[in-house]
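Q: Spelled out, the chains give:
Protein chains: 2
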Amino acid sequence: MTEFSVENIYYLGPDGSNAHSAMLKFLEKCNIKAKNLKPQKDIRRAIDTLKQDYSSVCILPIENSIQGIVRETIDNLLKNEDLKIRIQGEISLPIKHLLLAKTADKNEIKKIFSHPQALAQCSNNLYKKYKDVELHDLSSTSYAAQKVAESEDCSYAAIANETCAKMFNLNILDNDLNDETDNKTRFYLLGREEIKYKNDNGKTAIILSTKNKSGALCDVLQIFKKHDINLTYIDSRPSKRKLGEYLFFMELDGFEGDYKIKMALEELMNYVDFIKILGSFCIYE
Amino acid sequence: MTEFSVENIYYLGPDGSNAHSAMLKFLEKCNIKAKNLKPQKDIRRAIDTLKQDYSSVCILPIENSIQGIVRETIDNLLKNEDLKIRIQGEISLPIKHLLLAKTADKNEIKKIFSHPQALAQCSNNLYKKYKDVELHDLSSTSYAAQKVAESEDCSYAAIANETCAKMFNLNILDNDLNDETDNKTRFYLLGREEIKYKNDNGKTAIILSTKNKSGALCDVLQIFKKHDINLTYIDSRPSKRKLGEYLFFMELDGFEGDYKIKMALEELMNYVDFIKILGSFCIYE
Numbered sequence: 027m028t029e030f031s032v033e034n035i036y037y038l039g040p041d042g043s044n045a046h047s048a049m050l051k052f053l054e055k056c057n058i059k060a061k062n063l064k065p066q067k068d069i070r071r072a073i074d075t076l077k078q079d080y081s082s083v084c085i086l087p088i089e090n091s092i093q094g095i096v097r098e099t100i101d102n103l104l105k106n107e108d109l110k111i112r113i114q115g116e117i118s119l120p121i122k123h124l125l126l127a128k129t130a131d132k133n134e135i136k137k138i139f140s141h142p143q144a145l146a147q148c149s150n151n152l153y154k155k156y157k158d159v160e161l162h163d164l165s166s167t168s169y170a171a172q173k174v175a176e177s178e179d180c181s182y183a184a185i186a187n188e189t190c191a192k193m194f195n196l197n198i199l200d201n202d203l204n205d206e207t208d209n210k211t212r213f214y215l216l217g218r219e220e221i222k223y224k225n226d227n228g229k230t231a232i233i234l235s236t237k238n239k240s241g242a243l244c245d246v247l248q249i250f251k252k253h254d255i256n257l258t259y260i261d262s263r264p265s266k267r268k269l270g271e272y273l274f275f276m277e278l279d280g281f282e283g284d285y286k287i288k289m290a291l292e293e294l295m296n297y298v299d300f301i302k303i304l305g306s307f308c309i310y311e
Numbered sequence: 027m028t029e030f031s032v033e034n035i036y037y038l039g040p041d042g043s044n045a046h047s048a049m050l051k052f053l054e055k056c057n058i059k060a061k062n063l064k065p066q067k068d069i070r071r072a073i074d075t076l077k078q079d080y081s082s083v084c085i086l087p088i089e090n091s092i093q094g095i096v097r098e099t100i101d102n103l104l105k106n107e108d109l110k111i112r113i114q115g116e117i118s119l120p121i122k123h124l125l126l127a128k129t130a131d132k133n134e135i136k137k138i139f140s141h142p143q144a145l146a147q148c149s150n151n152l153y154k155k156y157k158d159v160e161l162h163d164l165s166s167t168s169y170a171a172q173k174v175a176e177s178e179d180c181s182y183a184a185i186a187n188e189t190c191a192k193m194f195n196l197n198i199l200d201n202d203l204n205d206e207t208d209n210k211t212r213f214y215l216l217g218r219e220e221i222k223y224k225n226d227n228g229k230t231a232i233i234l235s236t237k238n239k240s241g242a243l244c245d246v247l248q249i250f251k252k253h254d255i256n257l258t259y260i261d262s263r264p265s266k267r268k269l270g271e272y273l274f275f276m277e278l279d280g281f282e283g284d285y286k287i288k289m290a291l292e293e294l295m296n297y298v299d300f301i302k303i304l305g306s307f308c309i310y311e
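As you go down the protein sequences, you meet chains A and X in turn. Just so it is clear: in the first sequence, position 103 is 129 by our numbering, and no numbers are missing. Just so it is clear: in the second sequence, position 156 is 182 by our numbering, and no numbers are missing.
Take these hints with a grain of salt, some might be off.
Heads up, the list lumps identical chains together, so a pair's fine if it works in one copy or across two of them.
[Claimed, not checked] Straight line, CA to CA, 30 Å or less: simulated BS3-like cross-link-like pairs of lysine-lysine:
1. K173 with K136
2. K55 with K252
3. K67 with K154
4. K105 with K59
5. K155 with K110
6. K55 with K77
7. K64 with K122
8. K173 with K137
9. K288 with K252
10. K302 with K251
11. K210 with K239
12. K77 with K155
13. K67 with K136
14. K110 with K237
15. K266 with K136
16. K157 with K105
17. K268 with K154
18. K110 with K286
19. K105 with K192
20. K157 with K77
21. K110 with K302
22. K137 with K266
23. K173 with K51
Calculated from the structure, these hints are not laboratory results.
Between the sequences and the hints, there should be enough to build the whole structure, so can you do that?
A: Structure representation (structure tokens):
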């Protein structure tokens, strides 16, 4: 497999986060050699930094199987006017939430800290098992684990992953917190240059707005159906101009260069007000 | 207009929140007389409380023009197995975010507190105008204003509405924080008994899963198109069973009892694995 060298690789930090694990998986699966690993504070900063940096890549979460689309990623991809930045690859990562604390006694816990998405993905179990415990949002699961490790208050606990338990030397008090067993997050790899190594498992991601008439979305989906293209994902995002005006984010099975995708995209032009191809890329298992 | 009496009205508190203003608007528009106004801590608790309480109603946010759908509302409506609880009405509320503080000097501000949705709806302006200020999530905008009012640290500010500025006697430092000018939130009124007063401006909300085959969503949309039904909203939610399995939340123009909606829903049965009608209701301007 050809090696793919980049200057920097940007991802949502800090170390120990799920995005950090996703980054390591991308390095391995796509055989990427990065000079520097650069954790970023948020999604907007990660994309903004990539815009200034021509020989680097960036890894961002796009969808979680419980929570749905990561709106900040879609909204920032849409706003990004640098058409050379495209999605270059996708991986999925299983997400396992653990309750971590200094104490070994669950009954001592009075406050639980974590990222809002992690708290949301455990909300049923937290409601059942820890109804009287206070929940607190923090900017990352890994920062929550660090806060618990550094605090002198033994009634604090964090929801984070196994890497964090090891990094901060915390006890695992509960490993059955995930509300749903199949909790996975998909991540995109973004960059300017196409990754040379490819498999046949490909997707094309687009964002479009339909013409403002009844049945317009139906017309768009009919084009994909006619060309026998499988729509693997659809989500609506507000246009942010007016309540009731929407953009549609879609993922299609197949590469942009495939004959049927080419034909469909061409035909689509008569039915949309706006369309942007975010990328055509491989899925790395 | 007939008066509509209920025991309790539940809404997302605390007082001063946008949900509180929405509740007051519903009382007026639908001529509801409620014995008790009962603010709730979160969406799940609001629906859970309504389930136990047969002569009450509940008000929940469903969509914001910038952020999109309120996932917790949809997911809890879907999970709710009490089929008698239905959406009874909808209103929209303009959302205006203000920067509130004890000090009158913007340059003193070092920390800004607010609800994550409010922070997200101002994120461009915050990034431009207050780049070095720390942002902190709290559970409500009104609680953020209270925290700022009660703190002795004059470098604290909150993003909240005008009601909060008055309630907590805070200065308005910035009234140009909304990233988008048309920032509105739609709210649903939920209850068991149908509101007697009606206008002609009606909608039907459904949630469905399509059969697992290529083009299945297209088939569903074609039925609406054939019956000349306008789809005003569509959003996908994860089935929470498997990454890649989705449910679709849809809003249609017209009432459930309208002939064309009846026909379409009947025809739909052959194309869906699951369907739930969340309600058929008026929009109150």
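Q: Could you run down the list of hints and mark each one as holding or not?
A: Hints, one by one, checked against the model:
1. K173 with K136: both (15 Å within a copy, 21 Å between copies)
2. K55 with K252: neither (34 Å within a copy, 47 Å between copies)
3. K67 with K154: between (32 Å within a copy, 16 Å between copies)
4. K105 with K59: Within. Shortest intra-copy distance 29 Å satisfies the 30 Å Cα cut-off; inter-copy 46 Å does not.
5. K155 with K110: between (48 Å within a copy, 29 Å between copies)
6. K55 with K77: Answer is within; shortest intra-copy Cα gap is 24 Å, inter-copy 49 Å.
7. K64 with K122: Within one copy, since 24 Å is at most 30 Å while 37 Å is not.
8. K173 with K137: both (12 Å within a copy, 19 Å between copies)
9. K288 with K252: both (13 Å within a copy, 28 Å between copies)
10. K302 with K251: For K302 and K251, both the intra-copy (20 Å) and inter-copy (26 Å) Cα distances are at most 30 Å.
11. K210 with K239: between (36 Å within a copy, 22 Å between copies)
12. K77 with K155: Answer is between: at 21 Å across copies they meet the 30 Å cutoff, but 45 Å inside does not.
13. K67 with K136: both (28 Å within a copy, 18 Å between copies)
14. K110 with K237: Answer is within: at 26 Å inside a copy they meet the 30 Å cutoff, but 37 Å across does not.
15. K266 with K136: Between copies, since 29 Å is at most 30 Å while 40 Å is not.
16. K157 with K105: between (40 Å within a copy, 19 Å between copies)
17. K268 with K154: Answer is between; shortest inter-copy Cα gap is 23 Å, intra-copy 39 Å.
18. K110 with K286: within (23 Å within a copy, 47 Å between copies)
19. K105 with K192: Classified as neither; 38 Å inside a copy, 36 Å across copies.
20. K157 with K77: between (44 Å within a copy, 19 Å between copies)
21. K110 with K302: Cα proximity of K110 and K302: one copy only (12 Å, versus 43 Å across).
22. K137 with K266: between (36 Å within a copy, 27 Å between copies)
23. K173 with K51: within (26 Å within a copy, 42 Å between copies)
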